[in-house]
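Novice: Sequence:
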Amino acid sequence: MAVLVVLTAYLAAAFPRSVDAYETNGLRHDIRTATAAESVLEVTSAPPGLGMPQPEREKTLRAAWVTQAQRNITRSLPAPIRADDGSSAYGVRTSEPVEGTDPWLPAPDSLPPMLTLAAQAVLDRHSTLREGRLPRADGPVTAVTGEVEAAVTAETAKSLRLKVGSVVHVPGVDRDELGVRITGIIAPRQPDNSYWSVETTLGSPALVTKPTNDRPQPRYWRASLLLAPDAAPVLLGTTGEPRLYWRIAPDTTALTARDAPQLASGIASLENGPELTELRAPTVVGPAAVVATGLDEIVAGHRSMRAAIAPVVAVAALGIGAVAGVVLVMAGGLTAARRRSELALLRSRGGSLPGIGGRLLAETAVIVVPAAAVGLLLAVLTVPEARLGPAVAAAGGAALLACAALPVRAVVAHRRPQARGGREDLVRARPSRRRTIAELTLLALAVGAVVALRRRGAGGPADAAGVDLGDAGGAGDVDYLVSSAPVLAGLIAALVLVRLYPLPLRLAGRPAGRLRGAVGFLSLARAGRAPTSGALPLLALLIALTTAAFGGSVLAGIDGARERAAVLATGADARISLVGSSPVLPDGLAEAVRKSAGVRDVTAVRVEYGVPLPSDSKGFRTALGVTMIGVEPKAYARLARETGLGEFPAAGLRSVGGGGVRDGGSDPGRVLPAIASPAVAERLGDGPRDIQSAAGDFKVRVAEVRRHTPASPSDDYLLVNAADLTQRAPTTLLVTGAKLDGEALRRTVTGFGERAGGTGGGTGGAPFSVKLRTEERKTFVNTPMQEGAERIYAAAIAAGAGYALLALLLSLSQTAPERVTLLARLRTMGLTKRQGRQLLGLEVLPQALLAAVGGAFVGWATVVLLAPGVDLVRLALTTTSDIPLDGAPLRADAWSLVLPAVGVLALAAAVSVVQAWWAGRQGSISELRAGDSR
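Okay, so the sequence shown: first residue is 2 according to the numbering used here, each after it adds one.
Calculated from the structure, these hints are not laboratory results. Yeah, the Cβ is synthetic: ideal placement off N, Cα and C, and Gly gets one too. Some hints here could point you the wrong way.
[What the hints assert, rightly or not] In silico DMTMM-like cross-links for lysine to aspartate or glutamate, where the CA-CA straight-line distance does not exceed 25 Å:
| id | residue 1 | residue 2 |
| --- | --- | --- |
| 1 | Lys779 | Asp742 |
| 2 | Lys772 | Asp887 |
| 3 | Lys779 | Glu791 |
[What the hints assert, rightly or not] The following label-pair restraints were derived from C-beta to C-beta distances:
| id | residue 1 | residue 2 | range |
| --- | --- | --- | --- |
| 4 | Gly50 | Ala188 | 20 to 30 Å |
| 5 | Glu643 | Glu788 | 52 to 62 Å |
| 6 | Pro890 | Leu130 | 34 to 44 Å |
| 7 | Glu776 | Leu906 | 35 to 45 Å |
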């Protein structure tokens, strides 16, 4: 009993702590892994206006004032927002880039570099000096100072041909040009730190494309020059429109999931609320302060995922909790059955029910309370960084149930005098009216839970109504009646099977009685004389099997959703193309790839991006266009069927003939049948519409509509027959093969590109892109929340199997002495050892078979009934995933249904064999003592 209580208390206490831990780790992970531009709180302010005296304006930009404002901001942050001083940055910068006017600066496409001048504080703590010295302001710097000092990173110096001593000039306002002398070349100590990564050009320059109608579009350099903090006033004399900024990186070390609602409220208040009003006080930042951050979206995404995961996890928790409760009650019942004579004697000699119950409660508590404390301690040690209160309550509930099981069973059994010798078996038991009413009540609850889950999903009332209750993922987002649907379904099934159980025994007992051997008849008779308490082990087994089936189906559904997402990311087992805007693949590449190891088939397609659609009825045109795909219908239809992405009949893309050419030129009058995504089909309508593309000009009529297609699984598309295009050279290869060798495939593609480049049929210098489905699958790694939820389901399956084993063992051990005595008596009448083993095996077979078959059926029915209300997308993918997965419905997993059921049968058979072997070794003398009541 002590071991069972330790295990149950540990599981009960570990569950809320595990949920707390993975939710907290999930929130911290989401903030830490977000880009610095999204996670920082950026406070900005324009310098004082021209109405203020110039010395006062310049004073506001100096290092002392900016640093004091930084301290004021960090002190005024509302809890639980805390600043990470080591990753925060503050200073003054030009909000608009300024032009580097020196002719010696690199100017690709004849465009001068555009520079950001930033006077960012504590540069010495975040950089390593490679050459020269850090910039400084030796005297007071004003808006008309002629020259200031700056540092640049090594990458910036290399790209812009800068060195120590170089002077870069930028335009001034109402003054001459400003000279910026380079005094030092530095290297960032932690380039990924938000100090550098919020504004990427601080550490690394970038070639930026200027939006024009020219092709190719001209490019120019964007870079940053890092001034001394006290040199910031000089920015008032430039064209860069200086702004003060404070980028507060959040400190997540003390942040917990329970802080998420308060965190969201604090961010909202900072962006547009009372906290922003405080920041705009003259003693903090000033009236022009503005707060911008993406942290609120990160927190909202975390809370949304919590709200989606919590109800699904609650299903596992309630399932394993119900099984554990039943096993504890069974353990108490077993003890009560063994002490039946003792308790009956006490009752007959004047013992009161409260006195007997209190005595049994005290005896049990001496064992249970320390065992529960040990289980709680183990949970606290193994699952750190979580609240203690819920764990104590859960372990206390398990201890209370364990303490109450024996006294309650004993008091109920001995509330009236009991006659000896009466039969209390399942076959002769007649359900009372109270039991019938209780079963009908449970049936109504189960039906209501299933209907509610199918109609509104696994979320709570807030999820159904689209209301944010504040503590997303907490108790308000879990409807425990809905989450208990699998448990209630198992309970109803157990009650129904217990009522139906005597019928097949009676039907099988009559023909068995006519057989020559006595083993079959005796086994059925013994099975029918099982005690009425046999409903409890059946209930435990059914709930355990249902929970295992549901949990296994959830885990299989998550894996299936990620496999589907990987296919949507590549369109096939591998995707080969050239980097660039739809470059044509070299001739012969498809044949070379087809010979690579593990390749089964190669489908060449032409993919053209950004094809504009014709104006719709309102006269508007699409801004970005769609993806047009030219294919060979038969090969592509086979690929679509194999990948499950928009299967279609090849005849739907029949060729119109002519090869897309008339009189040596493109024939725009042709009408090509096309397959389109729903959005494109709605835009084009039913009639022929004009299409202008690099592959030719023609008309299309939508013949089929499919949501996805392998060549463009994530975007809107238009699919036509490549034979009808004027330019039909392929741009992409879609490769299939169950055992693709990624390294061999890349070597083949790279080697072919090198050979083709040397023979004049090369790739124009563009590198090949090889995407493998298996590699994309590996990118769908678990976030802490998803990993925690999966661990809970795996633990629920394992714990359910363990409790099912205990339930079976407790059930068999309750009747073990009686079976051993019966076997000894039958041996005196000539029963052989082999027949004894057959008798014990066949005796336990009906209940084991009932539990196995019933559990598999109930598990399947539960998954089928609840599937419409369960979507596993949030468990499979992150909130930032750009894969357009339509949904991840729950489906029954065959292995999760069959393996537990087979395990129950195998376990029952093994126990009966061991019991028969042990009884054979004991002999018959000790079991046939005179006066033995068994």
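Novice: None of the hints should be skipped; say for each whether it holds.
Specialist: Taking the hints in turn, this is what the structure says about them:
1. Lys779 - Asp742: The given pair, whose Cα atoms are some 16 Å apart, holds under the 25 Å limit.
2. Lys772 - Asp887: holds (22 Å)
3. Lys779 - Glu791: The given pair, whose Cα atoms are some 17 Å apart, holds under the 25 Å limit.
4. Gly50 - Ala188: 20 to 30 Å: violated (39 Å)
5. Glu643 - Glu788: 52 to 62 Å: violated (32 Å)
6. Pro890 - Leu130: 34 to 44 Å: At roughly 59 Å between Cβ atoms, Leu130 and Pro890 fall outside 34 to 44 Å, so the hint is violated.
7. Glu776 - Leu906: 35 to 45 Å: holds (42 Å)
In the structure shown, a violation is registered for the earlier hints numbered 4, 5 and 6, in ascending order.
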